[in-house]
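Engineer: The chain contents come next:
Number of protein chains: 2
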Amino acid sequence: MRPGEASMESEAPAGFSEKLAGSAHRRQSLRLWLRLFSCATVVEKRIRNWLESEFGTTLPRFDALAAVERRRDGMTMSELSGAMMVSNGNATGIVARLVEDGLLVRTPDPEDARVTAVRLSPKGRAAFARMAAAHAQWIDEMFTDLTEDEVGELLRLLKKLRLSVEAHGTSP
Amino acid sequence: MRPGEASMESEAPAGFSEKLAGSAHRRQSLRLWLRLFSCATVVEKRIRNWLESEFGTTLPRFDALAAVERRRDGMTMSELSGAMMVSNGNATGIVARLVEDGLLVRTPDPEDARVTAVRLSPKGRAAFARMAAAHAQWIDEMFTDLTEDEVGELLRLLKKLRLSVEAHGTSP
Numbered sequence: 034m035r036p037g038e039a040s041m042e043s044e045a046p047a048g049f050s051e052k053l054a055g056s057a058h059r060r061q062s063l064r065l066w067l068r069l070f071s072c073a074t075v076v077e078k079r080i081r082n083w084l085e086s087e088f089g090t091t092l093p094r095f096d097a098l099a100a101v102e103r104r105r106d107g108m109t110m111s112e113l114s115g116a117m118m119v120s121n122g123n124a125t126g127i128v129a130r131l132v133e134d135g136l137l138v139r140t141p142d143p144e145d146a147r148v149t150a151v152r153l154s155p156k157g158r159a160a161f162a163r164m165a166a167a168h169a170q171w172i173d174e175m176f177t178d179l180t181e182d183e184v185g186e187l188l189r190l191l192k193k194l195r196l197s198v199e200a201h202g203t204s205p
Numbered sequence: 034m035r036p037g038e039a040s041m042e043s044e045a046p047a048g049f050s051e052k053l054a055g056s057a058h059r060r061q062s063l064r065l066w067l068r069l070f071s072c073a074t075v076v077e078k079r080i081r082n083w084l085e086s087e088f089g090t091t092l093p094r095f096d097a098l099a100a101v102e103r104r105r106d107g108m109t110m111s112e113l114s115g116a117m118m119v120s121n122g123n124a125t126g127i128v129a130r131l132v133e134d135g136l137l138v139r140t141p142d143p144e145d146a147r148v149t150a151v152r153l154s155p156k157g158r159a160a161f162a163r164m165a166a167a168h169a170q171w172i173d174e175m176f177t178d179l180t181e182d183e184v185g186e187l188l189r190l191l192k193k194l195r196l197s198v199e200a201h202g203t204s205p
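Residue numbers (this note's numbering), protein chains in the order written: chain A, 34 to 205; chain B, 34 to 205.
Calculated from the structure, these hints are not laboratory results. Be aware that a few hints might be false.
Stated by the list, open to error - In the SDA-like style, the derived pairs of lysine to any residue whose C-alpha atoms are separated by at most 25 Å in a straight line are:
hint, chain 1, residue 1, chain 2, residue 2
1, A, 156, A, 86
2, A, 192, B, 196
3, B, 193, A, 174
4, B, 78, A, 111
5, A, 156, A, 140
6, B, 193, A, 177
7, B, 78, B, 170
8, B, 193, A, 189
9, B, 193, A, 185
10, B, 78, A, 198
11, B, 156, B, 177
12, A, 156, A, 203
13, A, 192, A, 174
14, B, 78, B, 169
15, B, 78, A, 123
16, B, 192, B, 91
17, B, 192, B, 165
18, B, 193, A, 198
19, A, 193, A, 61
20, A, 78, B, 74
21, A, 193, B, 170
22, A, 78, B, 126
23, B, 78, A, 140
24, B, 78, A, 196
25, B, 192, A, 197
26, B, 156, B, 103
27, B, 193, A, 181
28, A, 78, A, 164
29, B, 78, B, 126
30, A, 156, A, 130
31, A, 193, B, 79
For clarity, every value in this text was computed on a predicted model and none was experimentally measured.
Please model the complete structure; the sequences and the hints are all you need to start from.
Structural biologist: Encoded structure:
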């Protein structure tokens with residue numbers, strides 16, 4: 034185990050060890066998954082902490098504003114629930130609070146007047162713009178030791194990984 | 034946007050778009066974070082689903098067994114809570130259920146008789162061995178389109194990313 038390795042694997046999903054894996058290929062795949070997961074976890078944790086300390090907000094609230102921000106003409110609750118799936122947020126409750134706080138406003142859905150959609154208020158738009166700029170800057174700062182080429186290579190390899198998962202990950 | 038890109042970004046944390054980011058460097062960092070997060074999310078979701086469908090268990094239960102498996106002489110509850118942090122699991126409740134199910138047994142902590150530790154029962158060890166083998170195989174299968182070199186390169190670059198985050202991610 035090289036220096037730094039212990040700390041790097043310590044936030045992997047609990048106590049996996051390389052001996053669990055039989056073949057060399059399998060061992061490398063498992064190591065890759067643990068490292069990928071630990072990278073995503075540590076970055077997400079910092080973003081959650083900073084959203085709280087810098088803006089007094091949560092990742093699900095930020096995610097909701099980000100999803101609505103892309104849709105100037107409003108977004109229905111079911112669309113928003115779908116977009117927020119990964120945050121494990123209760124979209125209805127989160128939206129209700131954002132409306133109370135004046136960041137979102139309810140609006141008739143342009144496609145179906147019986148459906149309520151939400152959009153950003155001017156206050157919500159301004160608040161989100163500040164948070165999104167800070168969020169982008171935090172990430173840029175965290176990744177600063179990677180060269181442009183390395184970022185590009187990671188983008189390429191992670192895309193290939195994602196496509197592999199989609200092609201081979203439909204059933205065990 | 035290239036083919037496949039929309040689907041790949043669709044599980045990113047809600048509705049980020051490239052226009053949020055100013056400079057080219059910052060845009061690439063944000064894209065990398067969204068892609069990293071979406072890769073980790075999609076793999077984790079599949080593992081959760083398969084643990085449920087193939088073994089009728091959950092990721093926090095699997096994580097708890099994996100953490101305990103590494104410690105033949107037992108693991109205290111506080112050690113286990115730390116190891117399971119990323120699963121957002123309630124370690125106490127999960128362990129109580131695993132004891133009820135006969136997969137874990139309570140044992141005196143070798144270092145301090147006043148502290149209770151847990152270890153795998155023979156049944157728990159056998160069950161975990163089956164799950165861990167399947168888990169490694171699922172991951173190997175999902176990543177199968179990556180060459181050995183690409184897996185190695187991802188391991189290297191993600192390690193560099195992790196070290197960058199640790200060096201620059203202590204405060205916003």
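Engineer: If a hint holds in the structure, say so; if it doesn't, say that too.
Structural biologist: Structure-based check of each hint:
no., hint, result
1, A:156 x A:86, "holds (20 Å)"
2, A:192 x B:196, "holds (22 Å)"
3, B:193 x A:174, "holds (14 Å)"
4, B:78 x A:111, "holds (20 Å)"
5, A:156 x A:140, "holds (16 Å)"
6, B:193 x A:177, "holds (10 Å)"
7, B:78 x B:170, "holds (16 Å)"
8, B:193 x A:189, "holds (16 Å)"
9, B:193 x A:185, "holds (14 Å)"
10, B:78 x A:198, "holds (11 Å)"
11, B:156 x B:177, "violated (32 Å)"
12, A:156 x A:203, "violated (43 Å)"
13, A:192 x A:174, "holds (23 Å)"
14, B:78 x B:169, "holds (15 Å)"
15, B:78 x A:123, "holds (18 Å)"
16, B:192 x B:91, "violated (28 Å)"
17, B:192 x B:165, "holds (24 Å)"
18, B:193 x A:198, "holds (23 Å)"
19, A:193 x A:61, "holds (16 Å)"
20, A:78 x B:74, "holds (14 Å)"
21, A:193 x B:170, "holds (19 Å)"
22, A:78 x B:126, "holds (23 Å)"
23, B:78 x A:140, "violated (33 Å)"
24, B:78 x A:196, "holds (15 Å)"
25, B:192 x A:197, "holds (21 Å)"
26, B:156 x B:103, "holds (16 Å)"
27, B:193 x A:181, "holds (13 Å)"
28, A:78 x A:164, "holds (16 Å)"
29, B:78 x B:126, "holds (22 Å)"
30, A:156 x A:130, "holds (14 Å)"
31, A:193 x B:79, "holds (17 Å)"
Hint check: violations occur at hints 11, 12, 16 and 23; the rest are consistent with the structure.
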